[in-house]
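Student: Sequence:
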Amino acid sequence: MASVLWFRRDLRLRDNPALLAAAESGPVVPLFVVDPVLWERAGAVRQNYLVASLRSLGASLGRNLLLIHGRPEEVVPRIAKAAKADAVHIAADYSPYGQARDARVGTALKKTPLVRTGSPYAVAPGRVTKADGTAYRVYTPFFKAWLQHGWRAPADDPGDVEWWMPVGCQGYPSPPELDIALPPAGEDAAWERWETFRATGLADYAELRNRPDIAGTSSLSQYLRFGEIHPRSLLTDLGDADEVFRKEICWREFYADVLFHNPSSTTHSLDPRYDTIMRWTKGKQAREFLEAWQTGMTGFPFVDAGMRQLRDEGWMHNRVRMVVASFLVKDLHLPWQRGAEHFMHMLRDGDVASNSHGWQWTAGCGTDASPFYRVFNPIGQGEKFDPDGDYVRRYVPELAHIPGSAVHQPWNWIDGYAHGYPEPIVDHAHERQVALADFAAIKGR
DNA sequence: TTTTGAGTTGTTCGA
DNA sequence: GTCGAACAACTCAAA
Numbered sequence: 001m002a003s004v005l006w007f008r009r010d011l012r013l014r015d016n017p018a019l020l021a022a023a024e025s026g027p028v029v030p031l032f033v034v035d036p037v038l039w040e041r042a043g044a045v046r047q048n049y050l051v052a053s054l055r056s057l058g059a060s061l062g063r064n065l066l067l068i069h070g071r072p073e074e075v076v077p078r079i080a081k082a083a084k085a086d087a088v089h090i091a092a093d094y095s096p097y098g099q100a101r102d103a104r105v106g107t108a109l110k111k112t113p114l115v116r117t118g119s120p121y122a123v124a125p126g127r128v129t130k131a132d133g134t135a136y137r138v139y140t141p142f143f144k145a146w147l148q149h150g151w152r153a154p155a156d157d158p159g160d161v162e163w164w165m166p167v168g169c170q171g172y173p174s175p176p177e178l179d180i181a182l183p184p185a186g187e188d189a190a191w192e193r194w195e196t197f198r199a200t201g202l203a204d205y206a207e208l209r210n211r212p213d214i215a216g217t218s219s220l221s222q223y224l225r226f227g228e229i230h231p232r233s234l235l236t237d238l239g240d241a242d243e244v245f246r247k248e249i250c251w252r253e254f255y256a257d258v259l260f261h262n263p264s265s266t267t268h269s270l271d272p273r274y275d276t277i278m279r280w281t282k283g284k285q286a287r288e289f290l291e292a293w294q295t296g297m298t299g300f301p302f303v304d305a306g307m308r309q310l311r312d313e314g315w316m317h318n319r320v321r322m323v324v325a326s327f328l329v330k331d332l333h334l335p336w337q338r339g340a341e342h343f344m345h346m347l348r349d350g351d352v353a354s355n356s357h358g359w360q361w362t363a364g365c366g367t368d369a370s371p372f373y374r375v376f377n378p379i380g381q382g383e384k385f386d387p388d389g390d391y392v393r394r395y396v397p398e399l400a401h402i403p404g405s406a407v408h409q410p411w412n413w414i415d416g417y418a419h420g421y422p423e424p425i426v427d428h429a430h431e432r433q434v435a436l437a438d439f440a441a442i443k444g445r
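1 is the number of the first residue of the first sequence in the working numbering; add one for each residue after it.
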């Protein structure tokens, strides 16, 4: 009997338990459904990356990837019927949209089972709980329990799979052309990046990961996002000395767990007081602030460098993500949701769980005891984590003439504004006080 | 059961 | 310049 293996965010053949499950019963129909909802949501950068990844997967299947455009609840049953499949195999998707979609597809499949094997996580969301069975809301206890829970060994190599296309394949979708270069997509590229990072970056990761001027991070985020490599594969290769990197992988799992238990937290603050009490900037001023932030024209060099990196590369260093997020929420007083939407539209690694809860953490309405007084100083952060100013000069050419660390304070440089760089759109010290006062009002309720 | 201490990523102020 | 304290309120786990 044939079966259908429906790829979604697991675009790989290695360490793929759902593939093993599918291959057990005979020929496998490798299906990818171009879901118009997710496609529209992705934005041009992720659309391009997805197509590149699908092409890579297709090549590794000997051009047998079955691409069909349409709503999954319509497409998947149709393909299963055409293949006379005994089952449709998937890796579980724990995102709110994925859960709802898979429920609809399961219903539409009627008697053909939708079999979930594995997930994009080492430990599936919902598995790690407190002693009373409820979900964690603080990271460190979660991390301890997650380690304690442990995970399976990577899945075996699938060997020779008989790929089969029972119907004609539709073409790859055509995203708008980009004038930016994305990293190489696909499973082989993911493993190559991982091996390079293991050999050259992992030992210094704890020290250098916060330096956006240095390539100190793993650059694996888009590979994890699209499942071109599984986190279990990374964890298996880690040693005792790699605790900091292990914890970063666990953050991804923690936020997936938090979102699983709070499906509305993509748009609603975990702390419900937050959405109703904060006094946000409104009207024309809000639109102008948002545009200045999005285009990297706030007059704060480190913030603007980050926002331009996002625009130019579809990616931003994590340290800078926190700084620009803090700036949007606590200096410009705009809701975290506006920033999260922009990130999801622009990021090649955009993941709804990590993105929503990264933003909520920064905004101070999410998990963990994010102290209300934690307002990042955009200048101080730049001087601390981009000490030579190289990061700012790389992305903000109007400041390229200012040497060293002085680039973080163009107002103190004699020709600082000679090349059209804008002056600061807000007074950070003042806005910090406003944010603290707002937050104190929330906590009083 | 109650208490206690710690909690990703910070900043400012005053000694 | 460096350094420690202070900046709430709540979650969680261990004592």
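The hints are simulated quantities; they were obtained by calculation from the structure and are not laboratory data. Each hint should be verified, as a subset may be incorrect.
As the list claims (entries may be wrong) - Quick list of in silico lysine to any residue cross-link-like pairs, SDA-like style, CA-CA up to 20 Å: (1) Lys130 / Gln148; (2) Lys247 / Pro141; (3) Lys144 / Arg116; (4) Lys84 / Lys144.
What the hints assert, rightly or not - Label pairs and their in silico Cβ distance ranges: (5) Ser219 / Ala153: 21 to 31 Å; (6) Thr281 / Glu243: 38 to 48 Å; (7) Arg279 / Ala203: 30 to 40 Å.
Ideal Cβ placement from N, Cα and C applies to all residues, glycine included.
Student: Look at each hint and say if it fits the structure.
Tutor: Okay, the hints, checked on the actual structure:
1. Lys130 / Gln148: 12 Å, holds
2. Lys247 / Pro141: Given that 20 Å is the threshold and the Cα spacing comes to 12 Å, the pair holds.
3. Lys144 / Arg116: Answer violated: Lys144 to Arg116 is near 27 Å, above 20 Å.
4. Lys84 / Lys144: 45 Å, violated
5. Ser219 / Ala153: 21 to 31 Å: 26 Å, holds
6. Thr281 / Glu243: 38 to 48 Å: 41 Å, holds
7. Arg279 / Ala203: 30 to 40 Å: 47 Å, violated
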